[in-house]
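Undergrad: Given the coordinates of chain A, assemble chain B onto it according to the supplied hints.
Protein chains: 2
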Amino acid sequence: MLFFTQCFGAVLDLIHLRFQHYKAKRVFSAAGQLVCVVNPTHSLKYAPTRCAAGQTSAEQGVLPPCHNHEAVHDPQLVPCTCPLFSCPWQGHLEVVVSHLRQTHRINILQGAEIVFLATDMHLPAPTDWIIMHSCLGHQFLLVLRKQEKYEGHPQFFATMMLIGTPTQADNFTYRLELNRNQRRLKWEATPRSVLECVDSVISDGDCLVLNTSLAQLFSDNGSLAIGIAITTSKVHNTEGEM
Amino acid sequence: MLFFTQCFGAVLDLIHLRFQHYKAKRVFSAAGQLVCVVNPTHSLKYAPTRCAAGQTSAEQGVLPPCHNHEAVHDPQLVPCTCPLFSCPWQGHLEVVVSHLRQTHRINILQGAEIVFLATDMHLPAPTDWIIMHSCLGHQFLLVLRKQEKYEGHPQFFATMMLIGTPTQADNFTYRLELNRNQRRLKWEATPRSVLECVDSVISDGDCLVLNTSLAQLFSDNGSLAIGIAITTSKVHNTEGEM
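Sequence lines, in order, name chains A and B.
Reminder that position 136 of the first sequence reads as 136 in UniProt numbering, one-by-one numbering, no gaps.
Reminder that position 145 of the second sequence reads as 145 in UniProt numbering, one-by-one numbering, no gaps.
Fair warning: there could be bad hints in the mix.
[Stated by the list, open to error] Here are the simulated distance ranges between beta carbons:
hint, chain 1, residue 1, chain 2, residue 2, range
1, A, Thr231, B, Ser213, 18 to 28 Å
2, B, Asp170, A, His153, 28 to 38 Å
3, B, Ser223, A, Gly91, 20 to 30 Å
Treat the hints as calculated values from the structure; they're not laboratory data.
For each residue, glycine too, the CB sits at the ideal point set by N, CA and C.
Just chain A, with the same shape it has in the complex:
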């Protein structure tokens, strides 16, 4: 009797998992892609911008770590700050990945095409959803941020950063795609290097930007699915299909 109860429980678990998987899959149409459920990181208390502080140091003749990488010949030894805003960590580029994994518990996923499923979109700004994405011999960092650029009007900003130098980043193209409720939005660009500030990319709006009502139209039950694809782009092809 116990055996049958356990079997029944296992079957129920399988059905539940299948349903969860189906729910995650159906928000994004492409077949055969890895769906990664990404929970929000804790709300970050935004201090006065680190980049601005960096500029002040530069004016005083002391270059901040994210601006003096051009003098270093080995990209892995370029001094680098943690791309997460609230973290004061500094180190070399080669150890950023282990810092992000160990200190911030950020997941790393394999594959050129994945679906990033950000949960709890209703949480108040500022909130970040972050994963690392390993493909084509490099690690990339996808940052989705809910932020009030204009007070009382939270927006969502999504960008892809290469954990590498700007020269290495120029060899890739990333694509973010939202697809739901008879609307489709695609953003394609060259990833930025983590040596540049994530915050300045987001504050410039040089990324995928969604207002709250559009994010709601694209989200399903409080979760937003973003299809991610990364390709190499030695010669950027403007004629090709997106």
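TA: Positioned in the frame of chain A, the structure of chain B alone reads:
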């Protein structure tokens, strides 16, 4: 001698036209498409929103023209206001096109795929760029608006409206595409009916939205090229390529 001078003048004109055409074409990659240069309409002085006024009338039991179309059986006889905000014109749906052409001098273009080249993007908000687009047996209205949704932060909003009823609009899908500076942005959605308020679509942000810095990245010498394509979509295909 006069003949040769005239010939030389004609050749220079041809070279100039060819250069202008090339300039317009190269901002958008697709070949064989009609490029339409769209000058801004005069800056509109935005009064308190007409839709809000309509809602007040509805509360008082008097439905505004854009809300009582469901009771009329012939779509061509549906009462309709002018989709341009500052215009107080009211009439039937069947005469909106002639009103827009005659009163507002809005161009009408033929073809399922065209390039909308909006000039003078630097002009202060509010500014509209508008064309009519005739294809698949219907007329569509493309509205690009520069507006300060948040004071001091102008944004660009682009949407496509069908000059027809919401039921007719559901049969189509439109696509807007920007492509420049190693960035590509595509927006695909069902057009809205001109019986709905253009202003509410834009204020909801349920359209293609660009901040100023992104608009600058996509523009060339002060002009923004938007590729437009319209297709029928009786059954909305979520699996198809965008």
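Undergrad: Which of the stated hints cannot be reconciled with the structure, identified by number in ascending sequence?
TA: Hint 3 is the one this structure does not satisfy, whereas the remaining hints hold.
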